[in-house]
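Number of protein chains: 2
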Amino acid sequence: MNTFPSKLVEDAVNELSRLPGIGRKTALRLALHLLKKNKDIALSLGNALINMRQNINFCSVCHNISDTDICPICADNKRDKSTICVIEDVRDMIAIENTQQYMGVYHILGGIISPMDGIGPDNLNIESLINKVRENKVKEIILALRTTIEGDTTNFYLYKKLKDTEAKISVIARGMAIGDELEYTDEVTLGRSILNRTPYETFIVD
Amino acid sequence: MNTFPSKLVEDAVNELSRLPGIGRKTALRLALHLLKKNKDIALSLGNALINMRQNINFCSVCHNISDTDICPICADNKRDKSTICVIEDVRDMIAIENTQQYMGVYHILGGIISPMDGIGPDNLNIESLINKVRENKVKEIILALRTTIEGDTTNFYLYKKLKDTEAKISVIARGMAIGDELEYTDEVTLGRSILNRTPYETFIVD
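Chain order of the listed sequences is A and B. For what it's worth, the working numbering labels the leading residue of the first sequence as 1, then goes sequentially. For what it's worth, the working numbering labels the leading residue of the second sequence as 207, then goes sequentially.
In case anyone wonders, no lab produced these hints; they're calculated from the structure. Any given hint might turn out to be false.
[To be verified] Among the chain A residues that face chain B by a calculated CB cut under 7 Å, a handful are:
| id | residue |
| --- | --- |
| 1 | S17 |
| 2 | L19 |
| 3 | A42 |
| 4 | S44 |
| 5 | R192 |
[What the hints assert, rightly or not] Pairs of lysine to aspartate or glutamate residues, derived as DMTMM-like cross-links and limited to a Cα-Cα distance of at most 25 Å, are as follows:
| id | chain 1 | residue 1 | chain 2 | residue 2 |
| --- | --- | --- | --- | --- |
| 6 | A | K36 | B | E356 |
| 7 | A | K163 | A | E135 |
| 8 | A | K132 | A | E181 |
| 9 | B | K231 | A | E88 |
| 10 | B | K245 | A | E135 |
| 11 | A | K37 | B | D217 |
| 12 | A | K25 | B | E389 |
| 13 | A | K36 | B | D298 |
| 14 | B | K343 | B | E303 |
[Claimed, not checked] Covered stretches of chain B, as calculated for chain A (at least 3 residues, CB under 8 Å):
| id | region |
| --- | --- |
| 15 | 249-262 |
| 16 | 277-283 |
| 17 | 296-307 |
| 18 | 339-348 |
| 19 | 399-405 |
Heads up, the beta-carbon is just placed ideally off N, CA and C, and yes, glycines get one too.
If we strip away everything but chain A, and leave its shape as in the complex, we get (with noise of 0.2 Å):
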């Protein structure tokens, strides 16, 4: 991939494959489809991700990204502001508005402790959690981080730092995904959900 035959491509071509998850033949390819496609395309492309990364807010409550200072959740009256659920990243974040089960807020870490990528605690979103929860009148805090051990780390990390708080400090439930059999479901999350069995009679609201 040594020979091309036009600069203008070739640096396309580099910049794409900067891109998580694109190499240099995909990059090629993704080139060559926006070549042959009309012109809006490519250049409605370019300014998207120009715009959006030249004018883009983090929410001054949350870290949510926003449009403005403070991310449209967070500025909703009808939302919980005593109820902060602790996520990694935005696309957790669209994960549980799709749920549709949940009206709190959110706070957004921007990862999660693992020292192996040198990512610790003062790399993340952790000293604002700790100031938002003891100047306000927060409930409750749910964690909700990946269930790895990185994610473990991060609860228990924060577990320290928040419970000489007012607020109750819940984990998501773990336990086994809605339409799996036990017989394939892996003994760590099935142990756990035998012992986080819950009350049959908090099972069959509506």
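Following the hints, complete the assembly by docking chain B onto the known chain A.
Only chain B this time, still in chain A's reference frame:
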């Protein structure tokens, strides 16, 4: 994925997910990656795409993408202009150039005849190939299209159109890939490699 906290990010995701092979989840991952990284990365990607699409040229001789009116290969005096290799697109040219086995020039069809996709001979750069062969002293045309039914159809169409010219028409060899074992080679390929067997002497050059 309806709850985007930012119109800017939503626009970027919409544009990214128009690219082939990139769904909305991947598009969001790419957009968030660009937001996390240095501003320059998103800006230079956006600008590279806009630049490429706005300033790209196509070689007036072979239809290759090019920054100039005539592409570097067609402009190269060392290349043998009397041998034309007919290919689908630039990726094929890059693949052949990487073999360092070809010193002729190329002609880029821009696709292959595929009625299923609504692509007929008129949608391809066939007219200009025939004119080029008629007007210049072209000795050989090498058909190097994909070895599928569509490729074979296009080969046959080109053969019919070109058989009355002076040029010899050949097709790239089909047979066992280097490093393959007979046992694992499909019957059609193996059959073809027996039919198209070559004298052993041609084999032992360098």
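How the hints compare with the structure:
For A:S17, the suggested interface contact is broken, since its CB lies about 10 Å from the closest CB of chain B, more than 7 Å. With 7 Å as the threshold, the beta carbon of A:L19 comes within range of chain B, its nearest partner Cβ sitting at about 5 Å, so the hint holds. With its C-beta approaching chain B no nearer than about 4 Å, A:A42 sits inside the 7 Å limit, and its interface hint holds. Residue-level restraint check for A:S44 holds (minimum Cβ-Cβ distance to chain B is 6 Å; threshold 7 Å).
With a least beta-carbon distance of about 27 Å to chain B, the hint placing A:R192 at the interface is violated under the 7 Å criterion. Taking the CA atoms of A:K36 and B:E356, the gap is near 20 Å; set against the 25 Å cutoff, the hint holds. Distance check on the hinted pair: A:K163 and A:E135 sit about 15 Å apart at the alpha-carbon level, within 25 Å; holds. With a C-alpha separation of about 41 Å, the suggested pair A:K132 and A:E181 falls outside the 25 Å cut-off, and the hint is violated.
Pair hint B:K231 plus A:E88 holds up; C-alpha atoms about 16 Å apart against a cutoff of 25 Å. Distance check on the hinted pair: B:K245 and A:E135 sit about 33 Å apart at the alpha-carbon level, beyond 25 Å; violated. A distance of roughly 19 Å separates the Cα atoms of A:K37 and B:D217; the hinted pair therefore holds under the 25 Å criterion. This hinted pair does not check out: A:K25 and B:E389 have alpha carbons roughly 30 Å apart, beyond 25 Å.
Distance check on the hinted pair: A:K36 and B:D298 sit about 16 Å apart at the alpha-carbon level, within 25 Å; holds. The suggested pairing of B:K343 with B:E303 holds, with an alpha-carbon distance near 23 Å, which does not exceed 25 Å. Look at the region 249-262 of chain B against chain A: 14 of its residues bring a Cβ nearer than 8 Å to a Cβ of that chain, three or more, so the hint holds. With 3 residues having a Cβ less than 8 Å from any Cβ of chain A, the region 277-283 of chain B passes the three-residue criterion, so the hint holds.
Note: the region 296-307 of chain B has 6 residues with beta-carbon separation from chain A under 8 Å; the three-residue rule is met and the coverage holds. Counting residues of the region 339-348 of chain B whose CB falls under 8 Å from any CB of chain A gives 0; the rule of at least 3 is not met. Residue count for the region 399-405 of chain B with a Cβ under 8 Å from a Cβ of chain A: 0. That is fewer than the three needed, and the coverage hint is violated.
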